[in-house]
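Engineer: Below, each chain spelled out in residue letters.
2 protein chains.
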Amino acid sequence: MKVLIVHAHYEPQSFTTALKDQAVATLSAAGHEVRVSDLYAMQFNPVASAADFAERSDPDYCVYALEQRKGFESGTIAADIREEVAKVDWCDVLILNFPIFWFSVPAIMKGWIDRVFVSGRFYGGKRFYDQGGMRGKRALLSFTLGGREHMFGPQAIHGELETMLRPILRGSLAYAGFTVLPPFAAYHVPYVTQESRQQILVEYAGRLNRLDDLTSLSFPSLDDFDDRLYPKT
Amino acid sequence: MKVLIVHAHYEPQSFTTALKDQAVATLSAAGHEVRVSDLYAMQFNPVASAADFAERSDPDYCVYALEQRKGFESGTIAADIREEVAKVDWCDVLILNFPIFWFSVPAIMKGWIDRVFVSGRFYGGKRFYDQGGMRGKRALLSFTLGGREHMFGPQAIHGELETMLRPILRGSLAYAGFTVLPPFAAYHVPYVTQESRQQILVEYAGRLNRLDDLTSLSFPSLDDFDDRLYPKT
Numbered sequence: 001m002k003v004l005i006v007h008a009h010y011e012p013q014s015f016t017t018a019l020k021d022q023a024v025a026t027l028s029a030a031g032h033e034v035r036v037s038d039l040y041a042m043q044f045n046p047v048a049s050a051a052d053f054a055e056r057s058d059p060d061y062c063v064y065a066l067e068q069r070k071g072f073e074s075g076t077i078a079a080d081i082r083e084e085v086a087k088v089d090w091c092d093v094l095i096l097n098f099p100i101f102w103f104s105v106p107a108i109m110k111g112w113i114d115r116v117f118v119s120g121r122f123y124g125g126k127r128f129y130d131q132g133g134m135r136g137k138r139a140l141l142s143f144t145l146g147g148r149e150h151m152f153g154p155q156a157i158h159g160e161l162e163t164m165l166r167p168i169l170r171g172s173l174a175y176a177g178f179t180v181l182p183p184f185a186a187y188h189v190p191y192v193t194q195e196s197r198q199q200i201l202v203e204y205a206g207r208l209n210r211l212d213d214l215t216s217l218s219f220p221s222l223d224d225f226d227d228r229l230y231p232k233t
Numbered sequence: 001m002k003v004l005i006v007h008a009h010y011e012p013q014s015f016t017t018a019l020k021d022q023a024v025a026t027l028s029a030a031g032h033e034v035r036v037s038d039l040y041a042m043q044f045n046p047v048a049s050a051a052d053f054a055e056r057s058d059p060d061y062c063v064y065a066l067e068q069r070k071g072f073e074s075g076t077i078a079a080d081i082r083e084e085v086a087k088v089d090w091c092d093v094l095i096l097n098f099p100i101f102w103f104s105v106p107a108i109m110k111g112w113i114d115r116v117f118v119s120g121r122f123y124g125g126k127r128f129y130d131q132g133g134m135r136g137k138r139a140l141l142s143f144t145l146g147g148r149e150h151m152f153g154p155q156a157i158h159g160e161l162e163t164m165l166r167p168i169l170r171g172s173l174a175y176a177g178f179t180v181l182p183p184f185a186a187y188h189v190p191y192v193t194q195e196s197r198q199q200i201l202v203e204y205a206g207r208l209n210r211l212d213d214l215t216s217l218s219f220p221s222l223d224d225f226d227d228r229l230y231p232k233t
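Which chain is which? The protein sequence lines are A and B, in order. If you count the first sequence from 1, position 27 lands on 27 in full-length UniProt numbering, and the numbers rise without skipping. If you count the second sequence from 1, position 96 lands on 96 in full-length UniProt numbering, and the numbers rise without skipping.
Note that these hints are calculated values from the structure, not bench results. Some hints could be false.
Claimed, not checked - FRET-style restraints, in silico, Cβ to Cβ:
id, chain 1, residue 1, chain 2, residue 2, range
1, B, Arg197, A, Tyr230, 23 to 33 Å
2, B, Ala29, A, Gly75, 21 to 31 Å
3, B, Leu214, A, Asp92, 25 to 35 Å
4, A, Gly146, B, Leu214, 40 to 50 Å
5, B, Ser216, A, Pro12, 39 to 49 Å
6, B, Asp58, A, Met42, 20 to 30 Å
7, B, His150, A, Gln199, 45 to 55 Å
Stated by the list, open to error - Some chain B residues close to chain A (C-beta under 10 Å, calculated; not the full set):
id, residue
8, Phe72
9, Trp90
10, Ile113
11, Phe128
12, Gln199
13, Val202
Small disclaimer: the values here were computed from a predicted structure and weren't measured. Glycine included, C-beta positions come from ideal geometry on N, C-alpha and C.
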């Protein structure tokens, strides 16, 4: 397999970084090819703007998705976006590795999605969900959070974790056509012992060695909706 | 009322910007005080990092939330964060005005939340949800999206809009203690006529003039959970 790990943490010694390093080691040892986009190290620009387009389809009024599509087709979109799209094109499996900030990804990773999931390649027209541009590729979230496991669930204080992550799991990855694997969550990380952290790394390595055995998450199929995207019932 | 509008759009002529301008006009005409943080115009830095702290509690290992709390208390946190926190402190109503990017806020606004919702002031320890630091203040999302209204709902292709927005509505605003008003959504904006856009602006103005009549969204109360945050049942 070819695996792209997109990693976002501001502290190189963090446990989130250790998860990334574990993934590189485990996947490489299993004979897979691994590339890493370390967004903080790259000082990745997360702000989608007209500056991403050297040439503009409409120089007077910027519609980001439209300029993205045209700029990607013509090769005039910003070089950092082109490079990241090429990495995603290359990979079979995309791993997003990050600390939960406000029940979501940190802004630098949100901006990676905003800028790199380009219209025309990742989605467009009726090409989304199971018709999305990335169909055939798998995606996995691996993340750390401060909360404990019992704080997530139907009756728990924060509700279901997968519901809280819906904009990423469904609204971004599944929307773009990725087969989305169950996320790997490292709970309570700032407060646990070194032994617990070591155990989490072992669990994560086990998970990475069993990717083919995982049941992917379920999302809508365009087959169930009509041309105007009403449910067929 | 004192109203802070945090606005994020890369195109000054956009309809999202027109919503912001409408809010300024309507609220000012009604005698309210209005301030605007125009994140693109400010070139707001959305990337939470160790660079936000002139002095570090631990210079060898950065835990962002910990340094945030200490840096905010000591006044050594980055000046742009201090200024934005002061604006939120000042306001009675916070409006986040943005285009939906990947079923969420654009990265520049995610980073405003990441950096400005400082530990110790917005939340901390058992101070979250109805005990959050911003209790007594109201918050409203106003946003534009490409999808049509029928694409959101229990049986719709994207599911419930409020579920898709849960990380912002519940995981950020309600978590920090804000009373969260029902969001104002402008659907299908890139494709509708000027007449439709004008109608949306009229509806939005009406909404802003009736803020006191709106029923806020419901979220968990810490009263329903024990000291370890298990449901009391």
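Engineer: Of the hints given before, which are not true for this structure?
Structural biologist: 2, 3, 4, 8, 9, 12, 13
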